[in-house]
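Colleague: All chains should be modelled from the sequences, with the hints used to inform the complete structure.
Number of protein chains: 4
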Amino acid sequence: MKLLYSRDEMVRLAVEALKSRGVEVDDIAEIAYNQQAKYTKNIGFDTCRDSVIKVLSLRDIFHHVLLAVQLDKMAEKKMFEGPIQDIIEQDLGLFGVDEVLGLDVARLYGVIGMTNFGDIDVNKPGIVKHLNDEGKKEGIVHTFLDDIVGAIAAAASTRVAQVINEELAQQLPHEKISLFDE
Amino acid sequence: MKLLYSRDEMVRLAVEALKSRGVEVDDIAEIAYNQQAKYTKNIGFDTCRDSVIKVLSLRDIFHHVLLAVQLDKMAEKKMFEGPIQDIIEQDLGLFGVDEVLGLDVARLYGVIGMTNFGDIDVNKPGIVKHLNDEGKKEGIVHTFLDDIVGAIAAAASTRVAQVINEELAQQLPHEKISLFDE
Amino acid sequence: MKLLYSRDEMVRLAVEALKSRGVEVDDIAEIAYNQQAKYTKNIGFDTCRDSVIKVLSLRDIFHHVLLAVQLDKMAEKKMFEGPIQDIIEQDLGLFGVDEVLGLDVARLYGVIGMTNFGDIDVNKPGIVKHLNDEGKKEGIVHTFLDDIVGAIAAAASTRVAQVINEELAQQLPHEKISLFDE
Amino acid sequence: MKLLYSRDEMVRLAVEALKSRGVEVDDIAEIAYNQQAKYTKNIGFDTCRDSVIKVLSLRDIFHHVLLAVQLDKMAEKKMFEGPIQDIIEQDLGLFGVDEVLGLDVARLYGVIGMTNFGDIDVNKPGIVKHLNDEGKKEGIVHTFLDDIVGAIAAAASTRVAQVINEELAQQLPHEKISLFDE
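Protein chains in written order, with the working numbering: chain A, 19 to 200; chain B, 19 to 200; chain C, 19 to 200; chain D, 19 to 200.
One thing to keep in mind: the hints can contain errors.
Which copy is meant is left open, because identical chains are indistinguishable; a pair holds if it fits in one copy or across any two.
DSS-like, lysine-lysine: derived pairs with alpha carbons at most 30 angstroms apart [stated by the list, open to error]:
hint, residue 1, residue 2
1, Lys147, Lys20
2, Lys142, Lys95
3, Lys20, Lys56
4, Lys20, Lys59
5, Lys59, Lys91
6, Lys142, Lys20
7, Lys56, Lys95
8, Lys147, Lys72
9, Lys154, Lys37
10, Lys147, Lys96
11, Lys142, Lys56
12, Lys154, Lys91
13, Lys56, Lys155
14, Lys155, Lys72
15, Lys96, Lys142
16, Lys59, Lys155
17, Lys154, Lys96
18, Lys56, Lys96
19, Lys154, Lys59
20, Lys20, Lys155
21, Lys96, Lys155
Just so you know, the hints here were simulated from the structure itself, not pulled from any lab data.
Modeller: Following this line, the structure appears as structure tokens:
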């Protein structure tokens, strides 16, 4: 039984799962790009796309993507029993578990990741708004996915800032100005 | 379509869902009791049971209980598609979403709630150990529920401490020494 | 020795501390107002001001306000020894403790509180921008306070939404649609 | 003005700061060792010591150590003005900022780091108990440091588990079973 996947497999499976729900890597990269462009000129879009891919290769985030896609699909097929089916299907505002999972994705990139997620979750740019709107239609559920996608964008955005900081701090030997130095 | 439930309904539905998976309110109260007994003599077991019921009446926690029970049941029936089915069914140690959801339950009672959850999650007393052991058997999945149950115990334990603090601080008029004064 | 303060005392001391650093309750209420106005028409400014006061009466937040004001003052007087003095005084971007404390304030109002804080922390409206700009001047430090103020605004904003939800859900007897029902 | 320190400098400064308050690296390694020994036989103490050093080399944790040591020292010298001086000096149970900062250290190692911190914070092994007891004496304050030290132990403990997982999963090419794969 296969439980552990290699980095390449995790990226492939995550990208596939997102595609199956109408989300492309570039949709996510675009949100990251626009968020970082507030702070830095001349960010390459490629840098943002690379960061999305890097983020999708983390095991925690791979797990979140697969789970969110499954939960939305199962809600579309009305597979939950009891009160939770309608609560998820209707994306009840007072149901916060989807945001908790999004915040967990963003948390992997520290407090900055979490505040970036807050910005995206409140203002709903690009693909996040699209998923949110689509999810209001009969038969379509994106209750969990719009938060995961927004969080991946926030994580990628934060990672781009870290990469830029590293380039700026090259005077320190063997130093990466990253919150996750190992 | 009913999305919002009254406090009494939420308690009733949560208790039913827990019972359907072999968990009684007193199992949870017992963990809370043992945790608080480290700090205070003469805690009444009834105080702990009342705190569990109060905790189960919070909408966030009601949502978590229903969701966790559904996720475990659906994994038992192999209803997830793709890699996430085995990952959940086998309670992969590197799959952390269950603990994230437990931590979210505990978070409602502040940082103390979260550290109390950590204590229970690491040391696995009573019903938490039982669920964890049962979940290793073929056909039984408690991947999500053992964390939610441990977290409810932590929340109830924290609430008992708050109630005791209130009784001690009666010299302050109209004052409740609670993190959630409103 | 006085360690526990009544609700009225906590509000008074917190408001005084904020005033001593140039922050008025209405400055904070304005941010909450603007954030909620994105979702709801006809919010009363008074409702927002009341929510700020309610938020300031919580012990956790009272502690955060007093601590943040002291830390900034002590940094202005260069009272920290060693590397941390300059790190705080210059509001180093890679120093994240101030945001951690802000997130803790917002956390008291759940995941929604945290995402609202993210929005304010990234976009820096009103008094938050003002504190951030002032803090760049020689001799002035607002490293900790701008995050606490932004978080109080986020908390108040979230509370306003809860109050509005309650009014909408009056059909449920004795029910408050609040994440912190007790 | 020096704001950014190299990894070696950060370790040196953090170890010095801890020593100045009576805490040795081995005191922290011992807690990590005992926590992991519950799960795995034959853990080397050296592995635990190395993990403590690795943890101390992260910028976020370096900042936390320096800040905690300064805050306790300043409280010992009664440098805070107003109510917060006594609240910190007496380590008021209802003052939770110290635990929030500890949880932030542990958070860098994911949800497992946070639950490990909960275990240490509740059960207070070794040097954590010692700091907690010393802090009760007149003229000594360890309000912030005991939580930071416990959190570093939790982080190191979690890192040891990650290192062990990596050795077990060597069949996956170029794969590190780490929550923080980059």
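Colleague: Up to 30 angstroms between alpha-carbons, please classify lysine 56 paired with lysine 96: within, between, both or neither.
Modeller: neither (41 angstroms within a copy, 32 angstroms between copies)
Colleague: Cα distance capped at 30 angstroms. Does lysine 96 pair with lysine 155 within a copy, between copies, both, or neither?
Modeller: both (15 angstroms within a copy, 28 angstroms between copies)
Colleague: Given a CA cutoff of 30 angstroms, do lysine 20 and lysine 155 count as a within-copy pair, a between-copy pair, both, or neither?
Modeller: between (36 angstroms within a copy, 18 angstroms between copies)
Colleague: 30 angstroms Cα cut-off: does lysine 20 pair with lysine 59 within a copy, between copies, both or neither?
Modeller: Classified as between; 26 angstroms across copies, 44 angstroms inside a copy.
Colleague: I want to check one pair: lysine 59 and lysine 155. Are their C-alpha atoms no more than 30 angstroms apart within a copy, between two copies, both, or neither?
Modeller: between (38 angstroms within a copy, 24 angstroms between copies)
Colleague: Within a copy, between copies, both or neither: where do lysine 154 and lysine 37 come within 30 angstroms Cα-Cα?
Modeller: This pair counts as within: shortest intra-copy Cα distance 19 angstroms, inter-copy 34 angstroms.
Colleague: When no copy is specified for lysine 20 and lysine 56, does a C-alpha distance of 30 angstroms or less occur within a copy, between copies, both, or neither?
Modeller: Answer is between; shortest inter-copy Cα gap is 27 angstroms, intra-copy 43 angstroms.
Colleague: Using 30 angstroms as the alpha carbon limit, work out where lysine 147 and lysine 20 are close: within a copy, between copies, both or neither.
Modeller: Cα proximity of lysine 147 and lysine 20: across copies only (26 angstroms, versus 35 angstroms in one copy).
Colleague: How would you label the pair lysine 155, lysine 72 (within, between, both, or neither) given a Cα cut-off of 30 angstroms?
Modeller: Neither. Shortest intra-copy (32 angstroms) and inter-copy (36 angstroms) distances fail the 30 angstroms Cα cut-off.
Colleague: Is it within a copy, between copies, both, or neither that the alpha carbon of lysine 56 lies no farther than 30 angstroms from that of lysine 155?
Modeller: Between copies only: 22 angstroms across chains, 33 angstroms inside a chain, cut-off 30 angstroms.
Colleague: How would you label the pair lysine 154, lysine 59 (within, between, both, or neither) given a Cα cut-off of 30 angstroms?
Modeller: between (36 angstroms within a copy, 21 angstroms between copies)
Colleague: Evaluate lysine 147 and lysine 72 at a C-alpha cut-off of 30 angstroms and name the case that applies: within, between, both or neither.
Modeller: Answer is within; shortest intra-copy Cα gap is 24 angstroms, inter-copy 33 angstroms.
Hint violations for this structure: numbers 5, 7, 14 and 18, all remaining hints satisfied.
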